[in-house]
Amino acid sequence: MENHLWQHILQVRTSSPLVHNITNYVVMNNTANALLAIGASPIMAHAKPEVEDMVSISHSLVINIGTLDEYWHESMMIAAKKANSLQKPWVLDPVGAGATPYRDVVLSEILSLNPTVIRGNASEIIALAKLNNTVTKGVDSTAMSNEAIDAATTLVKNHNSVVCISGETDIVIDKHQCLFLDNGDPLMTKVTGLGCTATALVGAFIGVIENKSEAAAAALSLLSISGELAAKNSSGPGSLQLNIIDKLYNITDKEFNSHLKLTK
Amino acid sequence: MENHLWQHILQVRTSSPLVHNITNYVVMNNTANALLAIGASPIMAHAKPEVEDMVSISHSLVINIGTLDEYWHESMMIAAKKANSLQKPWVLDPVGAGATPYRDVVLSEILSLNPTVIRGNASEIIALAKLNNTVTKGVDSTAMSNEAIDAATTLVKNHNSVVCISGETDIVIDKHQCLFLDNGDPLMTKVTGLGCTATALVGAFIGVIENKSEAAAAALSLLSISGELAAKNSSGPGSLQLNIIDKLYNITDKEFNSHLKLTK
Amino acid sequence: MENHLWQHILQVRTSSPLVHNITNYVVMNNTANALLAIGASPIMAHAKPEVEDMVSISHSLVINIGTLDEYWHESMMIAAKKANSLQKPWVLDPVGAGATPYRDVVLSEILSLNPTVIRGNASEIIALAKLNNTVTKGVDSTAMSNEAIDAATTLVKNHNSVVCISGETDIVIDKHQCLFLDNGDPLMTKVTGLGCTATALVGAFIGVIENKSEAAAAALSLLSISGELAAKNSSGPGSLQLNIIDKLYNITDKEFNSHLKLTK
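Protein chains in written order, with the numbering used here: chain A, 1 to 264; chain B, 1 to 264; chain C, 1 to 264.
Hints listed in this document are in silico derivations from the structure and should not be mistaken for laboratory results. As the structure is a computational prediction, the values presented were derived from the model and not from experiment. Misleading hints may appear alongside valid ones.
Examples of chain A residues lying across from chain B (beta carbon under 10 Å, computed) [unchecked claim]:
# : residue
1 : 30
2 : 33
3 : 36
4 : 46
5 : 71
6 : 249
Far from chain A, some chain C residues (derived; all Cβ distances over 10 Å) [unchecked claim]:
#  : residue
7  : 99
8  : 131
9  : 189
10 : 258
11 : 262
Listed next, the stretches of chain C that the computed footprint assigns to chain B, with coverage defined by at least 3 CB atoms under 8 Å from CB atoms of chain B [claimed, not checked]:
#  : stretch
12 : 23-34
13 : 64-75
14 : 236-243
Even glycine gets a Cβ: it sits at the ideal position worked out from N, Cα and C.
Bound-form chain A, shown alone (with noise of 0.2 Å):
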């Protein structure tokens, strides 16, 4: 699978999806930077008289709950729903699960619709799997990690999802098998909105690449990878923001294989 990411990296270039964002307004920016650094063409727009052409005419849908309110709730919900009817495919950041009862309100009704791929870090998904009240615990889940991947798993049974847990190592699950991605740097999460940023890459690389899994760690590895090289030249996690957008931008083929850790 190794040779194949970069070539699904090519692909987003080459085909430059676009990508409809209902998201926060923290990350608007960095995000639509982000995703126009990868090749990809960011939409942003939450209007629920518009919401559903937007979804029309895109490739895929990225809902991101960090800034939401009763109105973002049902546009996410129209959205959500057409890209359903559409087929297309779309992706979760179910940024606070667990944070508020309103939270995990909406996440469950949005959690309903069977998001494509779903991307939180490993607190977020427990919350989330919970809200189903089914969480099959492993033999050996005392730790964080492993209760995330427990909370993961049953996630995909439940929905049919693609679900990533980012973190120090990010995890990719699907029903078939768990893939650990390596890269990063801690400084990255001095950096406000990374993870949405992470999930907005997912976004570009499922609206191209119908392996979906594939597609996942293709854009998390790309983000960590970028991160991790951008680290090196940053004095503080305020070049580092946009040191990563410029890393994006121009990461080659040979830093990308020669960095990337990916086991099974």
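Knowing the structure of chain A, use the given hints to seat chains B and C on it.
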């Protein structure tokens, strides 16, 4: 006219116009920074109970429909009507014109208020002119730019607006003439919202300069020359985004005039 | 007190307070990054069904009315009341106070809830105090800064708040004393939202430091010294914006203490 443009830039720096922006979430931060960098004072405000008051204290108004919804649509109408009643100049950025029926309905209403200036890319200007159903095709309008010029000419005639078409060559059209600006750098297309920034800068210039075509030409050339110079020191779109802000702030008479490529 | 300030900075780094922000669209990204850079954890959330829950899990609340509208006004009131009922500290940034009657109506309501800290520029603090109709003019209040100090003193008395006036000299006023902070760089006025960032940092510090005046002084001096140092390596406001984030992240004891200009 070339000699006038730098004078206009100096005038904005010294008179520091207050620019009221009702714009999209993606670009608010960059737009505000770009306005500060050229010496203007940005206000971002969209609340219906206050937009008329904000228009009243401002030199000009910027309306950008990028992430509009029903509430923002109403705010834009209230603000534009107030600007007209006070004879204050305002500029429309028809982001995504033609992308959805909703956008076109909203744009049709805003357009009926006859913006002082309209700035968009070729496809947006073409879509906007079609809302009138009266585009007069020129003899040789097969190419996109010719079609856009025809569309712009229609908008100039019907709405008494100055129309700016952004692209590899920026074009400013009014009743009397057509100006061509050949500055910029291809990397600028990889930074989100530079078109929106162009519109905001036009907003600042029309706030204090009587000749609206010259004001628009000064704003567009200031941004594209700054981008052209900034691109030389940028390793990607992330660094370009901030280098443009720096250059807007510290560009000199000599830098501006030696790079300006203006033809009529 | 000088010796306390760096200890407060370290305390924020180690205790990583959760800071709930109901703030404006323009600065959300920068504010979140600044909070992360100093070691705090930002939450941005404004939905009426969840703001009480967010306040409950946070150490402190930041209310910034920059791009308010009716919905956000209600959210702010709900959140501030909840903070009061839980005796959690909160800070008000009265952006644009006095600019429109609407802002003053909203601010009057928020002010009645007695913010723990208020931070604004001189004209905002003066406008805010006038909402009370009870500003006691000092003998020599002809200058703006004296007028602002009178206004701040009124607010301290009427609302039991600590009041911060940002400007060339930052001033922190409580019942007992008046602190003057003389750090910063003029280029900081060309970066949008640094005042809002100051408020957010105050939010982080009051979340974990008992003495609210010292907390505010530590936050303001941390930002202005970081800006002062960052400006030395910045060729304009674009690079300053990110260099400040870097410096907030990596400023040392020695850098801070050798530059601090604090007088009583």
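Hints, verified against the model:
1. Residue-level restraint check for residue 30 of chain A holds (minimum Cβ-Cβ distance to chain B is 9 Å; threshold 10 Å).
2. About 5 Å separates the beta-carbon of residue 33 of chain A from the nearest beta-carbon of chain B, less than 10 Å, and the hint is met.
3. With its C-beta approaching chain B no nearer than about 5 Å, residue 36 of chain A sits inside the 10 Å limit, and its interface hint holds.
4. Because the closest C-beta pair between residue 46 of chain A and chain B is about 6 Å apart, less than 10 Å, the hint holds.
5. Against a cut-off of 10 Å between C-beta atoms, the interface hint on residue 71 of chain A holds, since the closest Cβ of chain B lies about 7 Å away.
6. Interface hint at residue 249 of chain A: satisfied, since its Cβ lies 4 Å from the closest Cβ of chain B, which is below the 10 Å cut-off.
7. At roughly 22 Å from the closest C-beta of chain A, the C-beta of residue 99 of chain C stays outside 10 Å, upholding its exclusion from the interface.
8. Every CB of chain A is more than 10 Å from the CB of residue 131 of chain C (nearest about 28 Å), matching its label as outside the interface.
9. For residue 189 of chain C, the shortest C-beta to C-beta distance to chain A comes to about 19 Å, beyond the 10 Å cut-off, and the non-interface label holds.
10. A cut-off of 10 Å between C-beta atoms confirms that residue 258 of chain C is not in contact with chain A; the least separation is 19 Å.
11. With a cut of 10 Å on Cβ distances, residue 262 of chain C stays outside the contact zone with chain A, its closest approach being about 25 Å.
12. For the stretch 23-34 of chain C, the assignment as covered by chain B holds, since 6 residues bring a beta-carbon within under 8 Å of that chain's beta-carbons and 3 suffice.
13. Only residues whose C-beta sits within less than 8 Å of a C-beta in chain B count toward coverage, and the stretch 64-75 of chain C has 5 of them, enough to reach three; the restraint holds.
14. Requiring three or more residues with a Cβ within less than 8 Å of a Cβ of chain B, the coverage given for the stretch 236-243 of chain C holds, as 6 such residues are present.
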